[in-house]
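A.B. asks: Sequence:
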Amino acid sequence: MSRSSKAYIAGIYEHPTRKAVDKTIPQLHAEVAIGALADAGLSMDDVDGYFCAGDAPGLGGISMAEYMGLDIKYTDCTETGGSSYVVHVGHAMNAIAMGKCSVALVTLAGR
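This note's numbering numbers the first residue of the sequence shown as 29 and each following residue consecutively.
Among the hints, a few may not be true.
[What the hints assert, rightly or not] With beta-carbon atoms standing in for the labels, derived distance ranges: (1) Pro44 / Val114: 18 to 26 Å; (2) Tyr36 / Gly109: 34 to 42 Å; (3) Val117 / His43: 13 to 21 Å; (4) Thr52 / Asn122: 15 to 23 Å; (5) Asp67 / Gly97: 33 to 41 Å; (6) Ser111 / Gly69: 23 to 31 Å; (7) Thr45 / Gly127: 33 to 41 Å; (8) Lys47 / Ser130: 32 to 40 Å.
The hints are simulated quantities; they were obtained by calculation from the structure and are not laboratory data. Keep in mind the model is a prediction, meaning the values are calculated, not measured. Each residue gets a CB set at the ideal place from its N, CA and C atoms; glycine is no exception.
Please model the complete structure; the sequences and the hints are all you need to start from.
C.D. replies: Structural data, given as structure tokens:
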């Protein structure tokens, strides 16, 4: 497979709290998503690919995309323990290169 499309990390965000016992996991995913997209100059409307792992409740990426109001055409919920989010960056790059999505969002959240 040749990669004719290039992928870039355009925005990042680290949630300011270390112990967020007053927030749900979906709230944390959403807040991190908003922060990273703002850093990239994008909005939820721009996202068409979403990547998260086992900390997301329900059906993982599908449930989180619905919670955040994302209109996605590609999702990946690969679980590899603590390295899932590193793996997701590679999977997002491949999804963009293969034309499965054009803006991929990767989130991590935990309390």
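A.B. asks: Hint by hint, note whether the structure agrees.
C.D. replies: Evaluation of the provided hints:
no. : hint                       : in the structure
1   : Pro44 / Val114: 18 to 26 Å : holds, 22 Å
2   : Tyr36 / Gly109: 34 to 42 Å : violated, 26 Å
3   : Val117 / His43: 13 to 21 Å : holds, 18 Å
4   : Thr52 / Asn122: 15 to 23 Å : violated, 31 Å
5   : Asp67 / Gly97: 33 to 41 Å  : violated, 19 Å
6   : Ser111 / Gly69: 23 to 31 Å : holds, 28 Å
7   : Thr45 / Gly127: 33 to 41 Å : holds, 37 Å
8   : Lys47 / Ser130: 32 to 40 Å : holds, 36 Å
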